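Just so you know, the sequences run in chain order R and V.
Going letter by letter, the first sequence gives residues 0 to 266 in numbering that gives the first Met the number 0.
Going letter by letter, the second sequence gives residues 0 to 265 in numbering that gives the first Met the number 0.
Check each hint, because a few of them may be wrong.
Unchecked claim - With a straight-line Cα cutoff of 27 angstroms, these simulated DSSO-like cross-link-like pairs (lysine-lysine) come out:
#1 K90(V) <-> K81(R)
#2 K14(V) <-> K7(R)
#3 K187(R) <-> K14(V)
These are calculated hints, taken from the structure and not from any lab test.
No experiment lies behind these values; they were computed from the predicted model shown.
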Amino acid sequence: MNEVFDIKRFCKLVQYEVVNYMPRFFKSLLIFASIIFATWTLSLTMDSDIWEESRAGLIQFLFTLAVTLAPFIVYKDINNRKKGYMYAMIPASTLEKLLSMIVLCVVVVQLLSYAVLEATDMLLWLLSQAGVGSFLQLEIYNPFADSLGTITLENGDVGEMGLPLLDSFLSTEVPIFYAMMFNAIFRKNKVLKTILFNMALAFVTVVLTVAVFDTDFVGDVWEMLRNCFDSEEGFIIFWLVFWRIAALLFGFLYLAITYFRIKKVNY
Amino acid sequence: MIEVKDLSFAYSNAKVLDNISTTFAQGRIYGLLGANGVGKSTLFKLLCGLLTTKCGEINIDGYSPADRMPGFLSRIFYIPEDFEGPDLSIKNYVGGISSFYPKYDESLLNSLLNDFDIDINRKFTSLSLGQRKRAILCVALAMNTEYLLLDEPTNGLDIPAKAEFRKMVAKAMDDNRTIIISTHQVKDVENLLDHIMILDKRCVLLDKSVADIQSEYVFEVTMHRPEDALYYEEGLGGYCSISKNTAGEESRINIELLFNYINSKK
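Isolated chain V, as found in the complex (with noise of 0.2 angstroms):
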């Protein structure tokens, strides 16, 4: 379990975290959403154990991240948003890097590339973007860590790789396994959170799980204009509106207009 308690952080000319509390338990998957330039990157690099803080605490399984041991470091794969890749096949890459992760699986990783129709004998440097970032992808769920933080993971992606990421990270999941994405493309990700967690700038505004949510608020779309919603946006189809739910009523999280919601209640 990762454990963030009063966590603040500030680059030298701006303010980013603010005294942030908040739990990833195991088995579950996060959903970290927010504006550009509120401190998602920053929070996974902290989370890594690449930027330290003297404000506040990080436990991930008993360790502080920013001490760096190897213990902490093979449970934990980190795909950044402008993953570039060395200079080296994915083979090779691979074959020096998995020895460090004990719950390596190289069948899982020969499946995953295949999936992806990529050749493990090509060079990270020889792939397009979306390439590369399809390859780090597998490369992260075969080394089977206990925690993965991927920062933008569809970016790049297209069409028929962004519905193969969601299966791939829907297989990969299990009990013993977080996982954070952080995400503009809400749409690309939308069924496979399990959790969600907005950002502002300094502070979190929503902390809840998927099923809270769906028993807290109403997700309509109706073609008149909501009376009593708490939040609407007129669309081509109608209007997209939340509304308390008062009668226990089952509906589909749009991300992106609770994102709106919880933004514009700020």
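In isolation and in its complexed conformation, chain R is listed as follows (with noise of 0.2 angstroms):
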């Protein structure tokens, strides 16, 4: 057998999680259709228009809202002193349970996500038909689109830099993985604390920064970095790389803390 990575286990590990910790998420998605419908019905009975925009705004708000909490909901216990320990003592590796907390996270959370709150939509389109112009379109949340390469320069060349696979990894699976690393560290009120913790480390940031060095100084340093490169482009593109890059480091640190939580954490 095995011990680190077996496929058969790990179908096996997949297809538990999915049967046992797949449905209090879907419990959390009904309550975020909900919202579409309550604004749908409070839009008709108020006579005012459902514009395309406003819709595909609060999908894709609500999307985000869903995929970024899901790590909380579908593994609210695997570290809860009491309940965790069911987690702990399946028989599979800690490298199955990471990968496998990742194609449900990243995987099947967005697809029954993007399903349901899109369903919940074109129902409630097809029932009203009212006030809509045309039927929603299927590119509220576009994989494809660009979202990390918009710095253009003036000749808009740099929109070629643009690398949709990767940018909407980095911009979706990234924060996905800074997720379930907190769900891994924290045992109680995980959100709360996770968001307690972002506006802690955005302070300290700020102040060590204004305190460190002044603001000529990180002037000075972008001008430094700007005169390295003949060109504009070179500069850019040099920034869009080093940005990838380390956003990709992020993203793997992110998955080696939880990797270590989860073998390590005592019940």
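Got two chains here, separate frames each, mind docking them using the hints?
Set out below in structure tokens:
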């Protein structure tokens, strides 16, 4: 028996976790879907138009919220002192548990969220057919959208720097890994603690930046970097590559911390 | 076989186990006794890998529990005292988990659930504490793991269920299996045990097989106060006593009395 990774055992684990853990997420999704329903009902009763942009915006917001909260909902008990032992005692390796967590949070959760939220919106549109110009297009969440390569030069050439799949991964999946990490670290009030931690981190970063470096210093570094390149394009390409590598490294760091937390957590 | 060597463990505010060494052999049912807070549940968690310590060593068939390897986890099943259970039916839970246990026996599960009169389609969360315990016990026995760790298994069980529990455990026992039962309800498991281990704060007070205890001590109930007893307690039916077994007599162990005697010596 391979003690680190066995594909059969991994598939069994994914199946087990989908059956055991996904129903609770599905219940949360229904709450999100009911928000769409409530928004429609409110708009229709007030005789106001339901614009495609606002529908898309709402679904995008709820989708992002659902996907980011998913690790806290799906794996909420994994480090609970009382209930968490059942997760720890599943005969699968830590690597398999981490990969299964990624499959559920990244693939299953996103597909399910997209399907439920879109289906709710479509159903309401079909039922009402009021105040809407056309059927909502399926581009609300476009995984090929260029999210990070938005820095453009005057002539617009840098738009070609966009690496759609990678950028989509960095903008959607890395935050999920971040949530997975904090879900594994905190035992109680996980979402609240994560928000507070982020606020504290932002505050400390700002204070440190102001205290240690004066604003001229940051500007000087920026200028120095720019001067290293012959053209502005070269500098922007460097900046985009640097940013993407940093984001990727952070993604791996979050996963590594989650792995060791799962492996070492005491109950 | 489980080998524990120089094991120590401390929570942030208190030391619980201190330099404990013992072995748990296959084909035996161990009774782990001790007052509240001596570390019985902690020892169980260490044996399962749910707690880790840098002081000491645990070896279970070549595995260190703290590594939580799949090969190890598929050999052990642990039922905690306060088992809550997942929000799933017994059938769905077993359907998912059983594939990880190579020796799982579905017919045994059905027969055990039938004996305990539990519907496999019921959700754990819809069962009472006693029913939940019975259900998970059936699941645990059906998984046929080499090691079965039961923390206060008879708490919450009614009288018929306790009798059924004893029958089930005795039936499920074989030469390749080790069952460790931690309990305060010693009367519930008295006839099941092959070996008794009494833990005190930080150390092991007694670690002997039932046969060794029987050859060493005589347990008696007498109407008059025993003169040469090592320890005695006055009860409604007379005096329960423990004496040295000098004549090679065979007597039935009174675990409660033994426990009190051992504790009185420390």
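Between K14(V) and K7(R), is the straight-line Cα distance small enough, at 27 angstroms or below? 42 angstroms, violated
With the threshold set at 27 angstroms, check whether the alpha-carbon distance from K187(R) to K14(V) stays at or below it. Holds - the C-alpha atoms of K14(V) and K187(R) are around 25 angstroms apart, at most 27 angstroms.
Within 27 angstroms, alpha carbon to alpha carbon, are K90(V) and K81(R)? 22 angstroms, holds
Consistency with the previously given hints fails for number 2 only.
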